[in-house]
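Asks: These are the residues of each chain, in order.
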Amino acid sequence: MAQVIIDINRTSGQATFNPPTINVSNGDQISWRNNDTRPSVEPLNPNPDPQSHWPAPVGGADDAWFANRIPGKPPGFDPPMSQGVVTFNITPPPKGQTTPTSQTFQYRDATGNTTAQGTIVVWNPAPPANPDSTLAD
Amino acid sequence: MTKPNDNQNLEATDVAETSQQTQNGKLEHAARREFMIKALAATSGVALTGMLPSSVTETVAQTQSCPPTSLTAPALQAIGQITSQGGRLQAIMRVKNEARAVPGYSQSPMLRYFTGSRIDGSQTWPTRPGQPVPGPTLVAELGDVVQIALLNQTKVSDFNGTLDVAETGQNNGTGCGSATQVNTATNPASTTNIYPGTFDQFPNCFHGSSTANLHFHGTHVTPEATGDNILFGVRPLANQNEQETLAVLRAVFNSYDPANPWHNWSDFMKSPAAQAWWKMQQTALATYDKTAQWGSSFGLPPAEQLLPADTNAIAAGEWPPWFVGSFPNCYKIPKYVPNSQNPVMGQAPGTHWYHAHKHGSTALNLFNGLAGAFIIRDSSPTGYDGKLRAVYPKLKESIIIFQEITDSINLMGGGKRVTLVNGQQTPMITMQPGEVQLWRMLNTTVTAALTPQIAAATPAGAPLAVFNTLVQSNVQFSCKQIAQDGVQFNWANVDPNSQNGKSNGVTPITMAPANRVDLLVKAPPSAGCYQLQSGKAVLLYINVTGSAVNPPMNLPQSQNDFPVQPGFLADLDPDSVRVQRVIKYAWENGRTATGRVNGAPPHFTIDGQQFNSTVQHTMHLNEVEMWTVTNNSPGVRHPFHIHQNPFQIIEIFDPTQTVGPVQLPGPWVWWDTFAIPPASNTMPDGKTPRVDNNGKQVYVNGYFKMLTRFADFTGKFVNHCHILGHEDRGMMQLVQVVPNALPYLKHH
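Same order as they appear, the protein sequences are chains A and B.
Reading the first sequence from the start, the letters are residues 0 to 136 in numbering that gives the first Met the number 0.
Reading the second sequence from the start, the letters are residues 0 to 747 in numbering that gives the first Met the number 0.
If you are wondering where the hints come from, they were derived from the structure by calculation, not from laboratory data.
All figures in this text were calculated on a predicted structure; none of them were measured in a lab.
Certain hints may be false.
What follows is a set of in silico ranges between Cβ atoms, one per label pair, in the way DEER data are often shown [said to hold, decoys possible]:
#, chain 1, residue 1, chain 2, residue 2, range
1, B, I313, A, Q116, 47 to 55 angstroms
2, B, P307, A, T20, 17 to 25 angstroms
3, A, T20, B, Q130, 48 to 56 angstroms
4, B, G120, A, T118, 28 to 36 angstroms
Below, simulated EDC-like cross-link-like pairs (lysine to aspartate or glutamate); rule was C-alpha separation at most 16 angstroms, straight line [to be verified]:
#, chain 1, residue 1, chain 2, residue 2
5, B, K154, A, D48
6, B, K393, B, D157
7, B, K95, A, D77
8, B, K289, A, D6
9, B, K289, B, D266
10, B, K289, A, D61
11, B, K386, B, D560
12, B, K289, B, E243
Don't be surprised by glycine CBs; every beta carbon is placed ideally from N, CA and C.
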């Protein structure tokens with residue numbers, strides 16, 4: 000299990016995920032960090048906040064992974080983190096098969112940047128999140 | 000599990016010491032051996048192996064290189080020390096984070112850690128970046144003033160999944176760290192909130208993992224104000240003006256008068272320097288309230304702001320619950336004066352420790368490594384350290400810190416959990432043949448009950464059975480426990496000619512999380528390679544090499560070889576008890592195992608409640624009380640720890656080990672942490688059911704009975720389970736000591 004951070008960057012135009020494709024194992028804890036400092040587009044607001052972003056699965060609800068958007072990075076502040084992590088628990092390989100199974104998930108930016116997408120490739124076998132040995136025993 | 004008798008190296012004379020069982024099944028006045036076995040058994044959730052004399056033959060030990068071929072073992076590194084000067088231990092202790100090279104991790108995990116130095120910047124530790132070492136070892140003398148400038152400089156943006164910028168109201172109102180799991184067992188894939196789910200509720204959940212404070216575990220000092228007070232949190236401020244902050248904190252320290260210590264916020268605010276620091280804090284708190292992340296934007300709603308919470312607490316006469324970036328820990332270590340009642344008890348010199356203790360993040364912070372040793376010495380000629388130095392002028396001393404490291408967010412499991420020794424994996428101690436060394440062992444792990452024992456070093460993968468066979472043979476190593484939890488033994492518990500002392504050193508030692516053990520260890524008379532192991536896990540190697548030590552060294556043989564136990568550590572008098580309490584550590588009635596039942600893990604409580612801000616027990620200053628601490632959890636030995644005052648265990652009932660309770664012989668050992676025996680529905684044979692009056696099989700609770708004196712200090716503090724995930728999730732209780740204004744009439 001590892002902690003994995005995906006950065007959300009935007010220097011001009013569309014936001015991007017870095018890395019755009021990431022390989023993780025079952026049980027890895029994934030979060031997103033918003034480095035976007037550019038003001039959001041709010042025509043009626045003369046002082047808009049930096050652009051927030053909201054990772055969500057393609058085809059899923061905006062709040063499927065996180066209850067809130069990740070706010071943008073104000074000048075002089077550390078980049079905000081997603082307040083929570085996402086883990087994957089994919090089906091293990093068939094009995095007797097020694098090669099790992101992988102599964103690909105597309106995610107999107109649910110803040111309206113519809114073309115901003117990233118990919119998570121999840122591999123199994125790997126230490127799955129095992130609730131029975133958890134919560135510090 | 001190894002049974003006690005498997006590893007007893009019983010001599011013929013010891014057989015006669017076996018305690019007698021009365022007709023009602025009650026074991027009375029067990030001999031020392033019985034006491035050690037039964038009592039120490041209760042500190043473990045794992046095994047009953049112990050620091051047995053190595054029973055390995057010389058032949059086996061000498062035929063191997065050290066460590067065994069193909070293995071590596073770096074020399075045990077000494078942890079850097081910060082020592083007191085001129086009666087003051089003044090230090091800067093920073094909480095920072097970095098990627099650390101943890102053995103067993105393919106990539107260096109991001110971990111929080113302590114880095115410290117003297118207040119002038121000298122004696123900095125750690126000296127190298129990226130190593131998973133404990134915090135610096137603090138070293139003070141009895142009577143010293145301790146002044147630690149705590150700076151929390153954790154960079155929250157390097158972490159995920161836990162809440163540090165704002166707690167209550169986040170993540171769908173739970174205030175807890177959170178995790179969502181994507182499960183492909185359904186089509187389409189479903190998402191489930193696996194933490195906190197519906198089973199944990201703020202504040203008894205994992206949260207705020209970069210918020211810190213300091214607990215000085217084992218100290219007998221004030222829990223009030225800037226003392227050993229864990230009832231506040233210091234939020235991280237990575238970009239603080241450190242020079243300016245430290246200048247103000249130094250001024251606060253200079254304004255501290257140990258003869259007139261601060262008891263509360265009002266006292267503290269009489270110091271102009273403290274006022275200046277608070278002014279800085281007010282600015283920082285106000286900025287925090289305006290800028291902290293809240294949902295999708297910044298700025299906390301009024302009900303969640305920290306500065307108003309502090310202001311309200313101050314108005315109510317309480318200590319503020321929140322600070323940002325810094326805190327001045329400051330208190331005096333009381334030194335006992337014979338025939339004086341001030342202090343009544345004094346600090347026991349010995350092996351203590353410090354760690355982060357913010358409710359909700361204690362477990363994860365210790366899993367990251369936020370802990371270190373705190374050695375409090377009595378170097379006077381008759382004191383613990385002074386006398387040992389006089390008896391053993393060349394005594395080598397090793398401080399051996401066991402830690403569990405993991406970076407698992409919200410402790411959801413599945414990650415690597417590595418046990419390190421002084422930040423190393425299986426390091427090596429070197430001894431001369433016949434040499435006596437002092438090992439100060441500290442179990443600072445979050446969950447692991449350690450059962451240290453010395454065995455012949457075996458190649459990796461060698462079955463333990465080899466050791467178990469050998470353990471019955473020749474005795475080569477010898478050792479003598481001389482202190483428990485930083486409190487030295489009475490000579491009667493060391494004396495090889497007494498019943499208690501005779502068994503000491505050949506009986507099992509089990510260290511629950513937070514326990515410390517001081518051992519005098521004597522190497523065999525000739526070279527060899529050995530290992531200190533717990534269960535099947537090798538903790539470190541012992542290379543006995545070189546020429547025999549000269550002049551010869553021996554373990555203590557008479558009282559003249561051993562420091563006299565200070566008078567305040569004499570046995571408490573049960574007849575002086577006027578208040579008895581029963582403290583119930585429990586999970587849900589009917590639950591019989593850990594893990595999740597219908598998706599929910601155990602709900603941990605004390606006296607039926609999870610941790611909250613209500614004082615559950617009020618004790619009178621300097622009164623001796625008798626507490627019976629019970630446990631209804633089968634298979635789990637919750638390590639009971641109470642802050643501020645050590646206690647003596649006088650009776651123990653472990654239904655997995657004895658039919659009835661065991662009354663322990665004096666002099667009683669002092670502890671500050673003791674694993675409560677588990678509940679069981681069978682007799683010790685594991686088969687015969689325990690039944691009620693109707694013949695129905697029932698669980699009976701394990702318990703221990705203790706005497707303790709709430710000496711010298713008033714104030715609020717806590718008792719809690721030292722499996723720290725249990726503590727974070729509710730198994731902690733607020734208690735207080737108040738002035739004894741209402742004298743009792745003593746009854747018999």
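Asks: Any of the earlier hints contradicted here, and which numbers?
Replies: Violated hints: 2, 3, 4, 5, 6, 8, 9, 10, 12; rest satisfied.
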